[in-house]
Each structure stands twice: as C-alpha cells, then as structure tokens.
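Q: Same order as they appear, the protein sequences are chains A and B.
Heads up, the first sequence is in our numbering, so the first residue is 1 and it goes up one at a time.
Heads up, the second sequence is in our numbering, so the first residue is 157 and it goes up one at a time.
Hints were generated in silico from the structure; no laboratory data involved.
Don't take every hint at face value.
Unchecked claim - Chain B stretches covered by chain A per the calculated footprint, using a threshold of three residues with CB under 8 Å from any CB of chain A:
1. 178 to 187
2. 205 to 219
3. 222 to 233
Quick caveat, the model's predicted, so the values are computed rather than measured.
Quick reminder that beta carbons are idealized off the backbone N, C-alpha and C, glycines included.
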Amino acid sequence: MKPFAEWLAQTAPSLAIQNHEWVIPTIQSIHILAICAFVGSVLMIDLHVLGWAWRDQSLRETTARFGPWVSWALGVLLATGVLMIVGEPARELLAISFWMKMALVLVAVFAQARLRRRPAKPLAAATFLVVVGVIVLGRLIAYDYVWGSWSAWMKA
Amino acid sequence: MDLSALPAWLEASALATAIRNSLYLFALIESFHVVGVSIVVGTVLVIDLRLLGLASIRRPFTVIATDVFRWTWLAFALAVVTGALMFVTNATSYYVNTYFRVKMAMLVLAGLNMVAFELTARRSVAAWDRHPAAPPAGKRVAVLSLAVWIVVIFLGRWVGFTLSTTTAPANEEINLEELENLIPK
Numbered sequence: 001m002k003p004f005a006e007w008l009a010q011t012a013p014s015l016a017i018q019n020h021e022w023v024i025p026t027i028q029s030i031h032i033l034a035i036c037a038f039v040g041s042v043l044m045i046d047l048h049v050l051g052w053a054w055r056d057q058s059l060r061e062t063t064a065r066f067g068p069w070v071s072w073a074l075g076v077l078l079a080t081g082v083l084m085i086v087g088e089p090a091r092e093l094l095a096i097s098f099w100m101k102m103a104l105v106l107v108a109v110f111a112q113a114r115l116r117r118r119p120a121k122p123l124a125a126a127t128f129l130v131v132v133g134v135i136v137l138g139r140l141i142a143y144d145y146v147w148g149s150w151s152a153w154m155k156a
Numbered sequence: 157m158d159l160s161a162l163p164a165w166l167e168a169s170a171l172a173t174a175i176r177n178s179l180y181l182f183a184l185i186e187s188f189h190v191v192g193v194s195i196v197v198g199t200v201l202v203i204d205l206r207l208l209g210l211a212s213i214r215r216p217f218t219v220i221a222t223d224v225f226r227w228t229w230l231a232f233a234l235a236v237v238t239g240a241l242m243f244v245t246n247a248t249s250y251y252v253n254t255y256f257r258v259k260m261a262m263l264v265l266a267g268l269n270m271v272a273f274e275l276t277a278r279r280s281v282a283a284w285d286r287h288p289a290a291p292p293a294g295k296r297v298a299v300l301s302l303a304v305w306i307v308v309i310f311l312g313r314w315v316g317f318t319l320s321t322t323t324a325p326a327n328e329e330i331n332l333e334e335l336e337n338l339i340p341k
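Go ahead and model the full structure; you've got the sequences and the hints to work with.
A: Right, dumping it as structure tokens:
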C-alpha cells in the first residue's frame with residue numbers, strides 16, 4: 001500500500017490538491033455535510049423501525065422519504081472520500097482507522113438494505129451504532145497514532 | 157471579575173491537563189463531537205425542508221417536530237459537552253481563533269433564529285400545520301437555518317486547520333516530526 005500511496009501522491013490530480021491549502025478543508029466540510037444528511041436519514045428510518053418516530057405512516061412511506069437521501073449522501077461521501085484519498089494518499093491509505101471505517105461502511109450499507117426488506121428492532125439499533133462507529137473511525141483517521149503499532153503510519 | 161483570564165485558567169485546570177496528556181481522549185472527544193453535530197444538522201435539515209415545502213409535506217409540521225426535535229436536542233447536548241471539553245483543552249488558542257469566534261456567533265444566530273420562529277410562524281401553526289409549506293416567515297427561518305448550519309460546519313473544520321496547538325502528548329514510540337507531514341487535522 002505504501003508504494004501505491006507514494007505513487008498516487010506524485011500524480012497530477014494529487015499535486016493539484018496538495019498545492020492549494022483550502023481544498024482539503026473544503027472537501028472535508030462537504031464530506032461532513034453529506035454525513036449530516038446520511039446520518040439524519042438513517043436515524044429516521046431506524047427510529048421508525050424502533051417505533052420511536054414516524055409511526056403514523058408506513059415504513060414504505062418513511063423509506064420513500066429518506067431512502068433516496070441515504071443513497072445520494074452516500075454518493076457524495078464516496079466522491080469526496082476519493083478526492084481526500086487522492087489529495088492525501090498516505091494519511092488515508094496507511095491509516096488502520098481508514099480500513100476499519102471502510103469495513104464498517106460495507107456493514108452499514110448491507111444492514112440498511114436488509115432493514116428495509118426485513119425490519120427488526122435489534123437490526124435498526126445495530127445499524128445506527130455501526131453508522132456512529134463509521135463517523136468515529138472517520139475522525140480517528142486524523143489521529144491514527146491512537147492505534148499504536150497497528151497503524152501503518154508508525155512504519156511509514 | 158476579569159473574563160480575559162478565564163481561558164488560561166480553564167486551560168490550566170486538571171480536566172484540561174488530563175485530556176492533553178492522554179493519547180486517546182482528545183481524538184475520541186472530537187469524534188463524538190462530529191457524531192453530535194451530524195445528528196443536529198441532519199435532523200434540522202428534516203425540519204427545514206418541511207417548512208420550505210420540499211419534503212415530508214403530507215405530514216403535519218407539529219407531528220414531525222415532535223418526532224425529530226428530541227433527537228436534535230439530545231445530539232446538541234452531546235455536541236455542547238464535547239465542544240466544551242475541546243475548548244478547555246486548548247482554551248487560549250480557541251479563544252483568539254477568528255473562525256472559532258465566528259462559529260460561536262453563528263450558533264447564537266441559530267438560537268435567535270429559533271426564537272424568531274417561536275414568535276412568528278409557530279404562533280399560527282394551527283392554521284398551516286397541514287399545509288405543504290410554512291408561511292413566508294417560517295420559510296425565511298428555514299433558509300437562514302440551513303445557511304447558518306452549513307457555515308457552522310465549514311467554520312468548525314477551519315478551526316481545526318488553523319488552531320496553533322499540539323494535542324498529541326509526547327510519546328517516545330512516536331516520531332512526531334516524521335508524522336507532521338502525514339497528519340493534518
């Protein structure tokens with residue numbers, strides 16, 4: 001992964017991002033705004049299944065309202081996420097927080113898809129906790145040293 | 157009482173020192189700050205779009221507000237507590253940071269905007285509760301709310317990139333000089 005990160009850091013798009021200080025904070029801000037839309041929408045679907053909100057309408061109506069927001073937000077998250085990898089390859093790709101986050105993202109997406117087909121309260125609660133885990137691991141990418149020798153940062 | 161001495165006093169407190177000396181605490185506190193902020197803005201978005209008549213338009217506004225706001229407030233409490241802990245950890249640096257100051261002003265503006273809503277559109281809610289959109293006064297509140305929260309997110313990130321401080325404690329296993337190139341905020 002390290003040679004790939006070093007190669008990527010020398011490519012034109014990466015250098016373009018690195019050469020403008022405002023780009024990374026801007027991409028991160030848009031990434032967080034998409035997280036807001038994502039987590040808000042996931043929360044509403046989960047709360048419906050848990051019986052804590054939106055109970056005067058069917059689950060189909062709630063997923064019709066919030067499902068597209070989950071998908072669109074995910075698209076923006078992937079796009080801005082890729083830009084952050086291109087801009088700072090070593091920071092992302094060598095961080096164990098990053099890879100744990102990607103694993104949890106997959107779990108979250110599958111759990112959400114399953115929840116809409118087979119709604120169950122434990123799954124709804126678990127889905128939300130997984131999304132919280134994704135957010136926490138996402139922020140920990142900036143502090144990957146917290147994992148000590150598990151982090152490839154330490155060997156970089 | 158001289159308020160200008162408060163940041164230095166906070167920063168010297170046992171709580172602030174404990175967070176600064178921990179390898180994990182600040183990172184974890186900041187992570188849950190993002191969790192809190194995300195839920196606040198994500199739920200506010202649901203309300204604002206309803207006021208503007210852009211989403212959830214077939215449900216009465218008051219029903220949605222009841223369903224959603226309790227989570228907004230819970231998440232806001234989390235954001236305030238984690239935000240306060242981050243502030244005391246490096247109080248003097250945050251205190252003089254322009255982006256931080258503007259962010260706090262924006263949060264005050266968000267509060268005033270909420271008061272404006274209570275004094276205007278909320279008072280006549282019975283008349284428009286089932287309408288697809290709020291009256292103009294309610295729509296103005298929603299537009300200002302969306303703008304303020306988007307700006308707050310950007311400012312929060314800019315505080316992280318401009319704060320001149322070290323939050324990681326000295327640790328012999330970690331070569332901070334080598335890491336410096338790798339770790340922006």
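Q: Next, verify each hint and record whether it holds.
A: Hint-by-hint comparison with the structure:
Coverage of the segment 178 to 187 of chain B by chain A holds. Counting CB-CB distances below 8 Å, 7 residues qualify, and the rule asks for three or more. Counting residues of the segment 205 to 219 of chain B whose CB lies closer than 8 Å to any CB of chain A gives 4, so the stated coverage by that chain holds, three being the minimum. Check result for the segment 222 to 233 of chain B against chain A: holds, 3 residues qualifying (beta carbon to beta carbon below 8 Å, three or more required).
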